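Visitor: If you want the building blocks of each chain, they are given just below.
Protein chains: 2
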Amino acid sequence: MEEKEISQAVIGRLPRYYRYLKDLKDSGKERISSQELSRIMKVTASQIRQDFNNFGGFGQQGYGYNTNYLYEEIGKILGLDHVHNMVLVGAGNLGQALVKYLKFKKSGFNFICAFDINPQLFGQTVGGIPIRPLRELKDYVDANDVDIVVLTIPKSDAREVAHSLTRTNIKAIWNFAHIDLELPASIQVENVHLQDSLMKLSYNIHRNSISPDDDQ
Amino acid sequence: MEEKEISQAVIGRLPRYYRYLKDLKDSGKERISSQELSRIMKVTASQIRQDFNNFGGFGQQGYGYNTNYLYEEIGKILGLDHVHNMVLVGAGNLGQALVKYLKFKKSGFNFICAFDINPQLFGQTVGGIPIRPLRELKDYVDANDVDIVVLTIPKSDAREVAHSLTRTNIKAIWNFAHIDLELPASIQVENVHLQDSLMKLSYNIHRNSISPDDDQ
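Protein chains in written order, with the working numbering: chain A, 1 to 216; chain B, 1 to 216.
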């Protein structure tokens with residue numbers, strides 16, 4: 001497959017295609033046209049073709065897409081044919097909920113260890129993985145094959161932890177702390193800012209009540 | 001303040017301004033120029049001015065922005081001068097973590113009740129709010145002032161629950177179910193698709209390992 005620079009907007013749409021294709025595949029649908037996919041997903045067929053053309057197509061003229069093949073190929077593009085080892089930093093409520101979320105495991109995202117600063121948690125387990133003292137994080141990451149660090153700690157601590165990881169071999173931080181992290185380009189960051197999401201919702205609620213005729 | 005159609009891209013940036021302004025305000029910084037804000041937030045000063053001009057400005061030539069005023073005004077635009085009542089649907093790990101997350105409450109987002117299908121949870125509480133049977137949701141929503149329904153249930157159940165809420169007075173759904181909901185325009189939806197976020201991260205990890213010279 002050709003390598004070219006793909007926009008983050010296209011990348012951001014791939015998981016949604018992947019999700020719809022899984023449902024189609026699971027429901028026994030073997031092939032689908034871009035028009036049909038367009039109707040189900042509520043995006044234009046032209047958008048779908050353009051998105052897929054970034055990766056060299058996938059369709060056959062007059063046949064459409066083979067759902068299973070397309071599902072597998074998008075999975076490979078997303079790197080889902082790899083297993084990713086993850087460690088949790090911050091074994092509070094949100095962190096523990098993420099560790100226990102089984103669907104991540106099904107997609108090859110495996111939590112292997114958790115870290116916290118609360119001594120009462122040391123030696124305990126969550127979702128079958130041990131909780132260790134945060135001060136052991138760097139050594140653990142250096143000694144083990146860790147791909148992704150999941151940060152669910154207060155913003156006051158997040159910057160320091162992220163900084164301590166800059167000279168390790170981790171590939172990415174999945175950041176739930178309510179702060180923007182500054183990291184070298186070799187470490188990918190994906191933010192989940194729950195409060196920002198809620199504020200956006202709040203804006204749209206009140207905008208809607210001010211001018212009810214506006215559309216989305 | 002003038003009302004005009006503001007793009008969702010601008011709205012999506014407001015919570016980040018709000019967050020930085022809170023930090024500036026809390027650190028005792030009384031005023032700030034767009035250049036200084038630009039440097040801290042790593043967006044162009046021109047972008048900042050354009051974003052704020054959507055709401056009629058806020059700045060004074062030669063003075064810059066009063067951080068406290070700007071913080072308050074953006075808060076009002078985001079609707080944060082209102083209290084929002086929320087109910088949780090799905091009192092599993094993620095749902096319980098969200099209820100216990102105190103920062104939402106500080107921003108005026110109050111969970112008032114939780115619902116689940118698990119009879120063992122009925123009558124229990126989480127974070128001080130009761131957990132009731134899901135079948136009582138519609139009646140509860142009709143009898144109480146509920147602004148936002150937070151959906152943390154499997155995708156197989158999410159569509160039906162969302163549908164049951166279409167003829168109620170709720171204003172929004174904050175959707176964590178891994179599915180796209182179809183709702184009337186009167187109900188705002190904000191999705192938090194954790195798996196999509198993780199897949200995007202995975203893509204960027206592997207893209208990075210294929211062509212290490214690409215920039216973000």
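Take the hints with a grain of salt, since some may be wrong.
One copy or any two copies: either way a pair holds, since identical chains are not told apart in the list.
[Said to hold, decoys possible] The calculated lysine to any residue pairs, modelled on SDA-like cross-linking and capped at a C-alpha distance of 25 Å, are: (1) K100 x G56; (2) K76 x I129; (3) K103 x H206; (4) K103 x A185; (5) K155 x H193; (6) K22 x K138; (7) K42 x N93; (8) K105 x Q47; (9) K155 x Y101; (10) K155 x N191; (11) K76 x R31; (12) K100 x N191; (13) K106 x L194; (14) K105 x D81; (15) K138 x D196; (16) K138 x E73; (17) K22 x P119; (18) K29 x K103; (19) K22 x P154.
Hint data in this document are derived by calculation from the structure and do not stem from the laboratory. A quick note: this is a predicted structure, and the numbers were derived from the prediction, not measured.
Visitor: Now look at each hint and say whether the structure bears it out.
Guide: The hints, checked one at a time:
no. : hint        : in the structure
1   : K100 x G56  : neither (37 Å within a copy, 46 Å between copies)
2   : K76 x I129  : neither (28 Å within a copy, 43 Å between copies)
3   : K103 x H206 : between (34 Å within a copy, 21 Å between copies)
4   : K103 x A185 : neither (29 Å within a copy, 31 Å between copies)
5   : K155 x H193 : both (11 Å within a copy, 22 Å between copies)
6   : K22 x K138  : neither (37 Å within a copy, 31 Å between copies)
7   : K42 x N93   : neither (36 Å within a copy, 32 Å between copies)
8   : K105 x Q47  : neither (31 Å within a copy, 40 Å between copies)
9   : K155 x Y101 : both (23 Å within a copy, 14 Å between copies)
10  : K155 x N191 : both (13 Å within a copy, 23 Å between copies)
11  : K76 x R31   : within (19 Å within a copy, 49 Å between copies)
12  : K100 x N191 : both (20 Å within a copy, 20 Å between copies)
13  : K106 x L194 : both (24 Å within a copy, 14 Å between copies)
14  : K105 x D81  : within (13 Å within a copy, 40 Å between copies)
15  : K138 x D196 : neither (30 Å within a copy, 28 Å between copies)
16  : K138 x E73  : neither (35 Å within a copy, 42 Å between copies)
17  : K22 x P119  : neither (42 Å within a copy, 31 Å between copies)
18  : K29 x K103  : within (23 Å within a copy, 44 Å between copies)
19  : K22 x P154  : between (36 Å within a copy, 16 Å between copies)
In terms of the numbered hints stated before, the structure departs from hints 1, 2, 4, 6, 7, 8, 15, 16 and 17, listed from lowest to highest.
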